[in-house]
Structures are given as structure tokens and as C-alpha cells.
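Undergrad: Residue numbers (my numbering), protein chains in the order written: chain R, 1 to 221; chain U, 222 to 442; chain B, 443 to 673; chain D, 674 to 904.
Hint data in this document are derived by calculation from the structure and do not stem from the laboratory. From the three backbone atoms N, C-alpha and C, an ideal C-beta is built for every residue, glycine too. Careful, some of the hints might be misleading.
What the hints assert, rightly or not - Across the chosen pairs, the derived CB separations fall in these ranges:
(1) U/L237 - D/D692: 33 to 43 angstroms
(2) R/G122 - D/G693: 48 to 58 angstroms
(3) B/G535 - U/P379: 32 to 42 angstroms
(4) D/V770 - R/A153: 43 to 53 angstroms
(5) B/K516 - R/Q139: 39 to 49 angstroms
(6) B/D461 - R/G122: 54 to 64 angstroms
(7) D/E865 - R/V213: 52 to 62 angstroms
(8) D/G813 - R/G41: 31 to 41 angstroms
(9) D/D874 - B/G640: 36 to 46 angstroms
(10) U/L237 - B/L486: 51 to 61 angstroms
(11) R/Q139 - B/E540: 28 to 38 angstroms
(12) B/L486 - R/R7: 25 to 35 angstroms
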Amino acid sequence: MKNESSRERLAKRAALELQDGYYVNLGIGIPTLVANYVPEGMTVVLHSENGLLGIGPFPEDGEVDADLINAGKQTVTALPGASYFDSASSFGMIRGGHINLAILGALEVSQAGDIANWMVPGKMVKGMGGAMDLVAGAQRVVVVMTHNDKSGASKLLPECTLPLTGKRCIDLIITEKAVFEVDKQAQELVLIEKDPELSLEAIQACTAAKYRVALREPVSA
Amino acid sequence: MKNESSRERLAKRAALELQDGYYVNLGIGIPTLVANYVPEGMTVVLHSENGLLGIGPFPEDGEVDADLINAGKQTVTALPGASYFDSASSFGMIRGGHINLAILGALEVSQAGDIANWMVPGKMVKGMGGAMDLVAGAQRVVVVMTHNDKSGASKLLPECTLPLTGKRCIDLIITEKAVFEVDKQAQELVLIEKDPELSLEAIQACTAAKYRVALREPVSA
Amino acid sequence: MKKVVQSAAEALAKVGLNDGATVLVGGFGLCGIPENLILALRELGVKNLTVVSNNAGIDDFGLGLLLQTRQIRKMVSSYVGENKLFERQYLDGELEVEFVPQGTLAERIRAGGAGIGGFYTPTGYGTPVAEGKETREIDGKMYVLEKPITGELALVKAHIGDTHGNLLYRKTARNFNQPIATAGKITIAEVEQLVPVGDLDPDQIHTPSIFVNYLLKGAHYEKRIEQRTTR
Amino acid sequence: MKKVVQSAAEALAKVGLNDGATVLVGGFGLCGIPENLILALRELGVKNLTVVSNNAGIDDFGLGLLLQTRQIRKMVSSYVGENKLFERQYLDGELEVEFVPQGTLAERIRAGGAGIGGFYTPTGYGTPVAEGKETREIDGKMYVLEKPITGELALVKAHIGDTHGNLLYRKTARNFNQPIATAGKITIAEVEQLVPVGDLDPDQIHTPSIFVNYLLKGAHYEKRIEQRTTR
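With the sequences and hints as input, model every part of the structure.
TA: Below you can see the structure in the form of C-alpha cells.
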């Protein structure tokens, strides 16, 4: 276990949020890796917002099809039971609350459940793509991100400082150090799991958002 | 010609409003008969708001299919080039202005182009069906109706007295006595054709709406 | 992921529908109606339903069967056609009716399924339909604000379904079934043919499986014709 | 009814597009873009275009080709990706950009094609996207009012078309093409295969012919892949 990369551990932990029969949208980056950890015997249907339900593995070399890509524009395959549809229908699924779970990355998350992940300070804005629709529409939104930015600053904040992607929409935050639920009523986070090698004080020292502690048995990831 | 029924003459006159390549919605009753008078060599695609483009003739006895009906719930057939779609898409076509021409009946039409055709006085209301969408959405709306009601009263009025189906939406009115264009700016009708056997005075006597006379060569119907 | 059930009754039992619920029912006239699910709803006996459906069936078939048993308190429809039972209950004040223009009805249901909070349509402006509703001018044209429709339960009928819940409709039996399948908190589909997952072409699916919670092969299809018309 | 033309250039010549026009272009990244029509637009040389398209192509393919020739004044997109030319023109102030959330973009285009005057979406509430727009609470949830998008011209790419203009898309190349086909004052479709009317199953048509004014078989398809990824 200790040899696993941090990315893989995060993906494994996020995969524990999956349930049989779920329709799930996975963002670019670590969230994409979650697909590798769907438990045996569980059926999870992956949604790609460019118009596909039932994403399969990447194609073999000879299988590559320019007409079959995911939302990250990578060539993919489709599983039995898949369907293709247009972009308006695809986002109808998202906005209409039909996607059970969306897992995506973030630059900042606030203790009220706000998220910022589309405008990187000092960089040219590329656009929000489908992120704003996903955070506003999915039944449950899980953020997977590093706990701190490159300078060591907390990405869990009392208020986001970057322009928002969505307001009061995040349900769970998974970092390499801890897992927090968002208590939207109280507008605070709830620390429910932590890396056993880190003390509560160590978590506190690197977390700017307000949170209460209600540790559960750490879910094995 | 003189042996034709009034219904047939009305349908023939309405058919002169068709153009090659038109997508057309025909209402129940006389408007349905217009389909019989599409000129040779002209392609007109008939739209049925329950989800069909390309209505064909009524089926032969052995061809009847419960899954293939028109908006009047009659069994029909579909022509080569037809397509089926759902009700939301069907009314997207209508409301989005993609139907070139709608031909329908009316109880009353006002000189400003208002139409009333869904609530019959003294009768149980059955509902408006798709009529309100058609008059609001089609590029051009043509009314085909008798000039007067059973009591002899004019159905062309300064203002409709019945609850409206649509406001300022009618472009042309065809009756057995005359044809009127609607000048929506001036909010008056323009008499452009009349039954050659009727004098202008006779038309005036049975027409309550305000109109000016600008007779064109009567289009042969 | 087990969506396939053995009967319409089993599907309804899983839902646990309460009296007073709003149920969306697909079909246009008698074309494409979920015959078996309507019968099961009758068997179940739930009362005071609000039923959203373009039409109300006929006296002895389709939704007319639920009028017979007085299970419907309110209909939301565009046209109720020739249904004597309907007329009597309506005139007696037993049955409430909300008439919605057909395109507005379809769009409200689509909006409900697609998470749209409301939309502006030109349909019905200046008519009784717009009374009490917000109207506004947009780019020189008048519009009426209409709200989305959703329901505790959506019942649809498709021609073919696969075991994941992907649906294909046939000809004009598609009609309201496709938008209604998206607008139920729970959606049950009945099909004439049930095929294994993977049998359907992914390019040709009308209702993706995400919208379908339960599906069943209908025990029997009468597919009655309202206006048999021949050449 | 003659919709079939021999080339993309002939189709554009029939439209008579002016400088400053708004053009809607289908595709997602390089997937399903109307390659031949984009090339013909470049040949035509019209300037100051507003282009509505989810993405902006890459430096040397897709809409990037129209950036090279500085024919685009404004892009309406959800994500512009890695396009250096785009970045330079944007930073130089030559190119205006309106970022629209992908789902809102798709819905605005659909609304444009379906005659909806505006709609309330939860997407973007409380974010920069909602700035200057009407917001309102509907049933306890906050929404933003968004307006429809239409254009003088819509350019789409389908897999198969029949001579009446019915279209079938293939796999994820459908994407924005389907809504965009409905939202042009004039819509031109290019297809990989052109078949006689009657060859397509009416149950399986993605874009009914009513939306298509002209169509052509594309002279050549490169179908470039942006992120070739294999197992």
C-alpha cells in the first residue's frame, strides 16, 4: 500500500463513494483514475458530458476512433449498454439531477461548499467547460484534490478567493491528508477521516477552513 | 367546378398557399383536405404534431398500425424521407418557426389577426391541443373557415368575443365567400379575392370586421 | 444494477406510491400508452392522483380506467377528447382539469427532466392560458413564463428495452413518452420486447438507461386504435 | 425541394453570408466538426464573424484555421483549450471571448432553435457567469436567466444524410451538431455518406430534414484526433 502514489490512493478512496447502479461523471485528472477502482461485481455507468453513457477503457491501438472521445478529448471505447446523445440532452441529464455522483478536482473549496476550479490566477482563462453544470446539477459532488497548493497554503478555506465555479454545491472533499463532509446548514466542514500517520494538530495546521471533528473508522483505501 | 363541395373549394384555394419544399401543418377538418391538392411535382412535407414529418395517405386495410397515427388520432402512413420524434422536439419545430405554413380552422378571427378556436360557447371545453403553439409559432398561419356561423353572424370581427387561441398571429383568412389578408400594422383586413358571383356589397353585408378592398385577380381554385 | 422486474404490479410495489401523488403518463390518445402499468395502477387502488398526460384515454381504455375507479383527482392535459366519464366527473366537480397547450406541456415536462427552473414561451400569450402568469417582452416579442413539471412517478411505454433500461420507441408511439421518461423521480418503463444489454445500437437509443429505474415486459398489449381510418 | 449541393463552397454561395454575421459551428474539440464547411468559410473570406462553438479548434485545424486568417472577431465557447493563436489574439484584444458553461451553451442553442425566449438554469449562480443577469429563487433554489442563441448560419457535420436533409450522427461526433442544426436561420450540413431519400429508418433519424436547408457530401475528411489515447 505504501508504494502507491498519492494519486492512486486518492482515486481509491474516491471509489468508495460509488454504489451499484450509479451513473457517475468523472472529471479530468485524478477523478478519471477512479474508474480503475470500481469494485468487482458492481455496475457503475460512466457519463461523458460530450454525449456518452457507458465509457469503456481506452482503445487498443487498432480500435482508435476519431468519432469516439471523452470530455477530455481522449479516444475511448464504449461498453455494452452504452448510448450516445447530443450535448443539450447530456446536460439535461446533469442539470436534471440524474447523475448520481460527480467527482472532480478543485483549486479551492470553502467551508460552505463553494468551489473554485476554472480560473487559475495568472494564467489565461481557458473556460469552465462543463464544470459549472456538473457542480450545480449532480446529486452528489465529491472533490478530490491536494490538501495544500504548491506554496503550502490550504485549499480548504473559510471563503474561496478565486472566482467561483459553484456555490454551496460540494458534498465531500477528499485530500491526501483527510476527508471532510460539508455541513451546508452549519456552513462548516466535518473531518470524518484522516491519514493515520497525521495528528489532529497536523491536520489543523494545514487547514484554513473551519471544521469540526467527527472521525469515523478510516475507510480502507 | 360548380359541383364541388364548398369544403373542397376551400381546400383547393388553401392549397395555393403551398410552395415547393414547404413543411406544413394541417389542422383537423377542411385543412386536412388540403393534402389532396398539392400540385404535381411539388414536394410538401406534412407535419403531425404528435411526432411525424412526412405524413402519407391513409393506410390500406391491411396496413393499419396502432403505432402510427396523426394528431387527429387517425391511422396514417409515412412517406419516404419521413422521421419520427418526441412531442417536445415536435413543438420545438413549431415554436422555433421551422414550420413554413399552418392551416387551421377557426370560430372567430379579428381584424387584428387574433384567433379563437378552442372554446365553443355552451359546450364542454375539450382543450386547446396544439393549436396555441401552432398559431404562435408557424411562419405563416392561414385560417380556413365558413364566413358566417350557423345563425348567419360574421366570424370576421372587430374583436373576438370568444377566449383567444392566439393574438395577432393570423396572416390570411380563406372563406367560401372571400379571401382576406391581415394587415397587422393597420389592424385591419384586406379583401384580396371574392366569389365572383358576390358583389362587394354582399361581402360587406356579411362581414363585421373592418377591411379595405384591394382585389387581385381571383386565384383560380 | 437490477432494473428488470417481472410485472407492472411488482414495479409499482417497489415504488411505494402514496395517495395524492403526481404521476406522469406517456402516450398520445391511446397511442403508446403504458397499458399494463395503467392496469396495475388501477389494481393498486391509490387515490387522489394528479395525472399529467396529454389526453385522458377513452371511457373504457387507457386513463379512462382510472377515471372509472375515481382514482384521479386532477388531470393536466392539452386535450381530453371524447370521454363521457371525464365530462361527467368534471361537471360534477369531482375532477379538476388544468389545460396546458400541447407544446407547453411537452416543454414543461422536458424542463422538469432537464433541471430548468422555468422558461418563456410565446404560446398562449394574450389567451386565458397566460392569466396569472408573468409575461415579458424579449427582443420585441411577448412571452409567458411557464414552470417545469415533475412527478413522483413517470410511466412510459417503449417498443424495445434492454436490461440496463435503454429504450427504443416505435413510430408515433414515441410522443410524450420520451420527455416523460426524464421527469419522474422514479420512472418505470414497460416494453413489448426486452433484450439483453448490448443488443441495441448505442447511436439509436431514444431514452438512455439513466432515466429508467425499473422496466418490465408488458404481459399483454391490446394497442387499441381510436380512429381507424383507411384509404 | 433541392437541398443537395455539390460542394461546401456552393452551399455558402447560396447563403450569401455577410461580414459580421453570427455562425454556429458544431463539434466538440475536433470531433464532429464540419471540416469542409470551415475550409470553405476560410476561402470565402468573410470577416468579423461571431462564432458560437463549444471549442475553438487547434492552431492548424478546425476553427483555428479561421483564427489564422483573422476572420473571427468574437468566440462564444465553453472551453478554448490549448490554442496559442487564440491566446495571442485574445491577449492582444483582437479577439473577444464570451465563456458560457457547456450545458448553458447547449441549452441556449436548443432554446434558440425551439423558440424559447429565455430559461432559468441553476448553472453559474453565484459565479462570474451570473454577473449582470437576472437571478431568481424558484421553489427554494436559485436560478440565472439565460437567453437563446441563434445565428444567420449553422454549420454541422453528420455521418449520413439523405437527399431530403435527414441526418444521422455517429458516436460522440453528435455532440453540439444536433442542437446547432436547429438554431441557424440557414443550416448547412456536410455528411460523410449521402443516401437517397427513403434509405433511412424514420425511427432513427437524429436531425429531421426540416432543419436542414442545404447539404453536401464532404470532399475529404481528415478527422484529426486531439488526444490519441490507447490502453
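Undergrad: Check the structure against each numbered hint from earlier and tell me which ones fail, lowest number first.
TA: 2, 4, 5, 9 and 12
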